[in-house]
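Q: Make the full structure from the sequences, and use the hints.
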Amino acid sequence: MKKVFYFIAIATALSFAACKSNEKQEKAAAASEVTSEPKKASSQYSCPMHPEVMSESPGQCPHCGMDLEVKS
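Following this note's numbering, the numbering of the sequence shown begins with 26 at its first residue and continues without gaps.
Just so you know, these hints were derived from the structure itself, not from any lab.
Quick reminder that beta carbons are idealized off the backbone N, C-alpha and C, glycines included.
Some hints could be false.
[What the hints assert, rightly or not] Quick list of the computed label-pair ranges, beta carbon to beta carbon:
{"#": "1", "residue 1": "A38", "residue 2": "G90", "range": "21 to 27 Å"}
{"#": "2", "residue 1": "H88", "residue 2": "S40", "range": "25 to 31 Å"}
{"#": "3", "residue 1": "A38", "residue 2": "M91", "range": "24 to 30 Å"}
{"#": "4", "residue 1": "E77", "residue 2": "T37", "range": "37 to 43 Å"}
{"#": "5", "residue 1": "M74", "residue 2": "Y31", "range": "40 to 46 Å"}
{"#": "6", "residue 1": "S68", "residue 2": "A38", "range": "39 to 45 Å"}
{"#": "7", "residue 1": "M91", "residue 2": "M26", "range": "53 to 59 Å"}
{"#": "8", "residue 1": "H88", "residue 2": "A34", "range": "30 to 36 Å"}
{"#": "9", "residue 1": "C89", "residue 2": "L39", "range": "23 to 29 Å"}
A: Below you can see the structure in the form of structure tokens.
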């Protein structure tokens, strides 16, 4: 019975680890879309906590995951 419990615990831990690695890949893909330098455009989006993160389209900050807001 202990072996079954350990097997289930290990399988659960591995599935959580797989989900975390998928989140890292998604964040890395989002980071490649968001640039660190501001560009000349009609509307710029910036992270409230990381103002150096700029984008031409709405999205999420690659550092903290907050929604980018229109910079005034």
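Q: Let me make sure I understand: some of the numbered hints might not hold for this structure. Which ones are they, in numerical order?
A: Of the numbered hints given earlier, the structure breaks just one, which is hint 7.
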